[in-house]
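Novice: Given chain A's structure and the hints, the job is docking chain B onto it.
Quick mapping for you: the protein sequence lines, in order, are chains A and B. Position one of the first sequence corresponds to residue 1 (my numbering), numbered consecutively onward. Position one of the second sequence corresponds to residue 114 (my numbering), numbered consecutively onward.
Note that these hints are calculated values from the structure, not bench results. Note that the Cβ used here is the ideal one computed from N, Cα and C, for glycine as well. Misleading hints may appear alongside valid ones.
[Claimed, not checked] Stretches of chain A that chain B covers, calculated by requiring three or more beta carbons in the stretch to come under 8 Å of a beta carbon on chain B:
| no. | stretch |
| --- | --- |
| 1 | 45-54 |
| 2 | 105-111 |
[Said to hold, decoys possible] Each pair of labels, with its calculated beta carbon distance range:
| no. | chain 1 | residue 1 | chain 2 | residue 2 | range |
| --- | --- | --- | --- | --- | --- |
| 3 | A | Thr20 | B | Trp122 | 20 to 26 Å |
| 4 | B | Ala191 | A | Leu55 | 42 to 48 Å |
| 5 | B | Arg167 | A | Ile12 | 21 to 27 Å |
| 6 | B | Thr143 | A | Leu55 | 20 to 26 Å |
| 7 | B | Arg163 | A | Leu55 | 26 to 32 Å |
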Amino acid sequence: GGIITQTPKFLIGQEGQKLTLKCQQNFNHDTMYWYRQDSGKGLRLIYYSITENDLQKGDLSEGYDASREKKSSFSLTVTSAQKNEMAVFLCASSTWGGEDEQYFGPGTRLTVL
Amino acid sequence: SQLAEENPWALSVHEGESVTVNCSYKTSITALQWYRQKSGEGPAQLILIRSNEREKRNGRLRATLDTSSQSSSLSITATRCEDTAVYFCAIAGTGGYKVVFGSGTRLLVSP
Numbered sequence: 001g002g003i004i005t006q007t008p009k010f011l012i013g014q015e016g017q018k019l020t021l022k023c024q025q026n027f028n029h030d031t032m033y034w035y036r037q038d039s040g041k042g043l044r045l046i047y048y049s050i051t052e053n054d055l056q057k058g059d060l061s062e063g064y065d066a067s068r069e070k071k072s073s074f075s076l077t078v079t080s081a082q083k084n085e086m087a088v089f090l091c092a093s094s095t096w097g098g099e100d101e102q103y104f105g106p107g108t109r110l111t112v113l
Numbered sequence: 114s115q116l117a118e119e120n121p122w123a124l125s126v127h128e129g130e131s132v133t134v135n136c137s138y139k140t141s142i143t144a145l146q147w148y149r150q151k152s153g154e155g156p157a158q159l160i161l162i163r164s165n166e167r168e169k170r171n172g173r174l175r176a177t178l179d180t181s182s183q184s185s186s187l188s189i190t191a192t193r194c195e196d197t198a199v200y201f202c203a204i205a206g207t208g209g210y211k212v213v214f215g216s217g218t219r220l221l222v223s224p
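Isolated chain B (complex conformation):
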């Protein structure tokens, strides 16, 4: 089974609505990153949250981390059509170079 997994698999909202993507993971981590991948592009980092942090914000984005339940969430407020993308969580363990990505949540924002 996967070390990191986002849910739901897909979401569809209208512009202006808020949306939350969840991530669960199965190992000890030092940091968790959220990435967004638009069609035809490579992923781009949105937020990095370290294991000693509980919340991080970046504009309309808010990430939370709960190490006791091994879960994270990414919330987007006031969604725009250009937020349409696949959203991945990626986890990093102690002293390592490897980052493990989940399979992603597909978000569609329609007018």
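Isolated chain A, as found in the complex:
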């Protein structure tokens, strides 16, 4: 088995700050994903990557950057945090693509003051 680790677990920022969230997986999966989950809502895809150094925009990429420098890690940057923003950011990985099971991390909970 494997595990997905997300750091930090909680992130508190100020309006306008650049904030970085990190994700590591030891499944040796090719594909990694970043999702945003707002309270009581579903998951919205921000970015995904099908291999090292690859980046693909999801439906919610505006306001975010991503980086996949190693196969095992995928980072997400909030380029300018919005006041009163609160959401959970979930990282996931899968062997290949949309027909494969995605394994999720526990999430990073973001609060912007």
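Specialist: Relative to the frame of chain A, chain B by itself:
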């Protein structure tokens, strides 16, 4: 509007009862997955059902898929308190890496 949507929005049952969550979707798919998310955790896959399959089982769980009506259902028999969670359907299209999640059905199982 959403490409995938679960209904009802919320359900409450007593332990031992059976429950069914429905999913409707609006595009051609190659597979549909059901995920469960417990409070404070990331989602975990329950069942994957491919477009050429009509039914899949996993223990107390049974998923159906009807591509003609673009709908799926997830049934849980003999529910337990630990089944309390949000249940999502997630759809995948041809040749793609993207998976689209619905907004989820909130299930509460009480003693």
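Novice: Hints first: check each against the structure and report whether it holds.
Specialist: Hint check results:
1. 45-54: holds (count 3)
2. 105-111: holds (count 3)
3. Thr20(A) / Trp122(B): 20 to 26 Å: 34 Å Cβ-Cβ, so the 20 to 26 Å window is violated.
4. Ala191(B) / Leu55(A): 42 to 48 Å: Roughly 45 Å apart at Cβ, these two residues keep to the hinted range, so it holds.
5. Arg167(B) / Ile12(A): 21 to 27 Å: violated (48 Å)
6. Thr143(B) / Leu55(A): 20 to 26 Å: Holds, at about 24 Å.
7. Arg163(B) / Leu55(A): 26 to 32 Å: Given a distance of about 28 Å, which is inside 26 to 32 Å, the answer is holds.
In this structure, the earlier hints numbered 3, 5 are contradicted, and the remaining ones agree with it.
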